[in-house]
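Residue numbers (the working numbering), protein chains in the order written: chain A, 36 to 546; chain B, 29 to 250.
Hints may be right or wrong, so weigh each one.
Said to hold, decoys possible - Beta-carbon label-pair distances, calculated as ranges: (1) B:Y192 / A:S379: 25 to 33 Å; (2) B:K170 / A:L111: 42 to 50 Å; (3) B:G46 / A:Y396: 44 to 52 Å; (4) A:E512 / B:N174: 45 to 53 Å.
Stated by the list, open to error - Pairs of lysine to aspartate or glutamate, EDC-like flavour, derived with a Cα cap of 20 Å: (5) B:K60 / A:D103; (6) A:K526 / A:D475; (7) A:K60 / A:E332; (8) B:K170 / B:E185; (9) A:K524 / B:D171; (10) A:K540 / A:D461; (11) A:K524 / A:E484; (12) A:K208 / A:E364; (13) B:K33 / A:E61; (14) A:K433 / A:D475; (15) B:K108 / A:D399; (16) A:K526 / B:E98; (17) A:K433 / A:E529; (18) A:K454 / B:E98; (19) A:K526 / B:D123; (20) A:K422 / B:D171; (21) B:K108 / B:D123; (22) A:K518 / A:D461; (23) A:K433 / B:D159; (24) A:K524 / B:E167; (25) A:K524 / A:E485; (26) A:K526 / B:D159; (27) B:K95 / A:E414.
Hints were generated in silico from the structure; no laboratory data involved.
Each residue gets a CB set at the ideal place from its N, CA and C atoms; glycine is no exception.
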Amino acid sequence: MDVKEVSSAQVHSIHNPFKRFFFAKEIPYGLAIVRMLIPLVLFGTVCTRWSFSRELFSADGAPAPLADIFGFYDFLPLLPGTAAVALFAALGFFLVCSSLGWMTRFSLIASVILYVYFCFMDSISMTTKYSAIATHVLFLLSLSNCGAIWSVDSWLKGRQARISIPQYTKHEKPRFEIWPQRLIQILIAVIYFGAGITKLHTPGYLEGDQISYWAMSRYNNPHPVGDFLTMYPIILSVMSYIAIVWEIAFVFFVWQKWGRIIGLAMGTAFHIGTFFSLGLYIFPMISISMYFCFLTEKDVQWMSAQYRRFCRKGHWLRQYSAALSLAVERLRPQKDVGWKSPVSWTSAIMAVLFLSVYVEYQQDLYGLRRAEGRMTLHEVDPELVQKMLAPEQVMRQKDKFLSVDVGTQIVGGRLTNRKTEFMVGDLILVQCCLNPPHEDIWIDCHFCEENGRIVHRSGNIVSREHLRNTFQIYANEVLEPGKYYVSIKSKGKEVLRRSVTLLPKLSAVAN
Amino acid sequence: MRLLKRGLTYLTITSYIGILLFGIFSHTFSYKTGRHPTMYYIVWDMFCGWSAYSIRTHIVGEGISGKYYELAPGPWGEYKPYGNLGRRHYDTTGDAWLRMAMNALDKTEHEPMLRILCIEEAWCKKYNLPDSIWDQRYEEPKDFHNYYRLRRVITPEGVIAQNYVSWLARQRYLQINDNPRLISDMNRARPFFAATIGSRIEPEGPQHHPDVPVHLASPVGN
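For reference, chain B alone in the conformation it holds in the complex (with noise of 0.2 Å):
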């Protein structure tokens, strides 16, 4: 029996330290860090980087009647994990925009919904700055001003029907694409047809690639 307490015991200790190994392995080289959702507990990335852009979240339905809805928060209020800030602001990946949508319907009384429109807010960080620091580091007054982008439309009965990308891939691609060479290259490779023999429109087979990291929205450094 002792022995036997013994060998689970030199088990667990080194099982353990491999599993924790494997972790940093699989960070360090990103190898398949998002193949399970039990790599989150030992990949240890506390420091993905952080945008110089302020996003917030706003989900909002269209009434039969032409007025528009605020779906999240509900209107019994919102959890605020971190901070002041709502729950949905967090989910900049938006996997639960979805449900956060369909839960204000269902719970509320309201008129018919055309559709359901998820839009992202977006500022310049450095306009968040009090202004006691800002009047010391800039001679300008503040001229806040935000950006909106259109990321997702939802029927009424929760079918995805739109989806574009982040307001900053927006970007990050339209300054990428701002030169002429580049677009030059890139229309000479399309072809006039878009369609290859045997392709299908959308590819088959999983859709996040295991080796891709996975890097959720909320603050991990919290």
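Chain A extracted, bound-state conformation (with noise of 0.2 Å):
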């Protein structure tokens, strides 16, 4: 190719914006990160079930194949416990190894292959979101080259090239075409696209209930601050709108310059956000880990040309990055050990495997050897038991309310500035929120006075597709200054209260 068919093809490659946006050629630093990051949080996941793995996905046990809920029975077959155990070890390792870029590919791709037949044979405790994204992450890794750098595979190659090739000329890291990159990137973004679109499906979002509710659950981690944003919904309610805003405009801005930057610093705040407010912990790992697909070359070089010029001002720094890069190239492999790495991989995935059978077998999870016989069931407590079999409760009032609460603003809907000291001559807003699922409901709302006189009574119906209601109490004049409380009642029974003080009004000081 001469150098005019060399330059019309290069101005051919940059007038064409799909072939520039993937296939564009790149060192895989963002896909690096990702590939040790995603792994290893999945590993740690991995860990915490093992010891159960038999009786969550062998035949051995009791699993939920994900296949079972949509009408495939028997969809994938089930293994016996020991299989189970044993693969379920391997996926681990192939993990650690995915992480580690050891074998990088193929544990990729074990992986990718394990993972999905563990999540499809427990629907409760092993598929969820987080682990589809994963799957797809693992997936579109194994079709890259994410272990040409930054991995143990990289290392040992890295001593063969720098044998091979001529000291004068420069080590290059290799460069490929971006297209898993890519492609990571529109998966988050149809990610959040569609997480939006739920969002949009769901009735309640949008005023917080749902988010409040979910903050007072107790199915994910604790969650403290979650326990504290209930007392504000209009906190949840405005942060609901940024999400949804921010989740369906992620797509249109994250590949422009600061569109990326603001987009990714707002789903970082996101996902440590849920990290807080609702006790989710795995889901933030994967989405932030996956976030480093956004990297470039050219932020790397950035970043490393800041840090270059951070060691040049401390030497102290410089001595230590010297000293850590000889001590790296000396626990290099030496020459012709590249043959060894395939051999190592398959004695250690062997291990693992004996290993894992034999600790299984000697932890006995059922008790089945064990010396003084199986394990009996525990009794239930009889008392227990009797409420569990009486006949059916109805409802009680109280449980179809909420909350009461009193203030003086409504902003969407919601009263913003809960207060219990009025002067006289205000209006009280007082707002009762109900629990779905209720009836059509008559409220009863009632003012009176500490003595329990009622000074004035208001009340409507709320219909059941309604959460809330707003009564308005005006305190005139002719009121005494002191305490008083609002009683919120329904089929003639108080099922909240609400204290209020009424302080005398300020007449203006002549002056």
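Join these two chains into a complex; the hints should help.
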């Protein structure tokens, strides 16, 4: 190819956005970081489940195949207990190898296959959206050259390359087409778009009710911030709006210069927020790890330049850095050890398989080999059984009500300033929140003196599709300053109460 | 070879993006989202909605002596996948209850069983709030009350003898039925003999319609 042809090809390729987007060549820094992080997070989930793997995934336990829920019975074969235990341990090994970049491609392919299998075997404790996302990422990583840098494979290969090429030749990191990286980016954008669509479909999402109930639930890890935020539903509502706009807009601006920074920063904040407010641990780790696929070669070069500049200023740092690279070089295997890697890898996987079977046998999950015989079932407290088998109970009225709040300001249908003290002459707003589901319900709102005498009475029908009703009480001048309370009644019974204090109206001081 | 490789790359890119877009389309218009288990991997319904009530599951076996035994968790303990709750509590569809019960019976020493009962426990989520938050928001002390509902009766041989709707579905039903006009219309439309010529007791065909979304009970956002 002559010079003219080359330049014409370059011009052509530059003018083709599709080609430029998918087939530009870059050093896969971002993918390498994703490869290191995602399998490591999944390895953690494998470790916590391994000791129960016989029960969760095998024919010798109580698996819950995902396909059964869709009506595809016996979609995948159920393995015997020992085989499931060994393969689950192998999955852990493959994930570690993927993270280290040891026999990278094979480890990633094996990880995808086993991970999908085990997710399909237990829809209760293994199949979640983070596992679905991680499966996509592992699959795309297995198509990429993510093991070409920052991996055991590249480390071993580097030694050979250094020996074979002349000393004066500068050793450069390999470049590859970036389409697998782009596909992970597109996956992230599509996931957010889909999640946005789900939120649009979810009634009560934008009002913050759904998040509020999630924060009150105990299905995830502890989340004290979420508990606290339930007191401020307007914040949850605002956050819900921001989240839905960001999720839907993400796909449109993430490939812009500043859009990428803003989108990823918001995403990181969002996922860290779910950690504290909803008690999600694994999902944020997976999501934030995936964000590294947006890292470009230029970003890494810029960061390296900053680091070098920093090193130049700090002499001690340069020394440590040099000592560290020297130590790494010393550790690097000597010449002609490339063949040893697959052998060591095979030996390691054999050892993992053998050890896992042995340890699990010793562990004896079900206690079938105990000297004292099989385990016995625990008896249930007869009183509890009596309660459980009692005739159906009608739901209490008070359980249909979530809360009552008193204040003076409403934003977005939510009371924003909860108060207990009011001035005579104020318009007091009493907001009563109900739990779904509830029937069409009549609610009485009584404003009473401390001794129980009703001074204002109002009522309203709240239809089944509404979760809030606001009553207005005008604290007119005939009311004496003092202590009062708001009583919310349903079917003649008080379900909630809120105390308020009326303060005397301050008159203008004659000057 | 190079052309073939490039062709395969194009095919991979277009197929993958095509599959992702089909997932979005399917989810947006609720079209065949429950068609196949693999749809779970392309439908991004991370926020299926949360109810106002906490639900827990009890699986107990009734022995011939009249004593009741805990079948889930088994005496060996229970895996807690996403927090402090045992695995059985995340299975609100109840697909694995039978397997859990039979596994516990299979692996333990016990008296012969008469029946296995799957019971749901529910309570209002507001009672989950920590005391410090409760005291700021409510003047009343916590008046925790839980409701129980029998969901399933299983024979010791592992045959499902009775099946009932969930506590939440039952509450919705009761509340919709709290309407005399609706009940009167329903009763008027109901034939005296509960049969139609040629009908069967149980309709044939798949129980799960492919267009009906499948929402797993597990906390999918975790």
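Numbers of unmet hints, in rising order:
The structure breaks hints 1, 8, 16, 18, 19 and 26; every other hint is satisfied.
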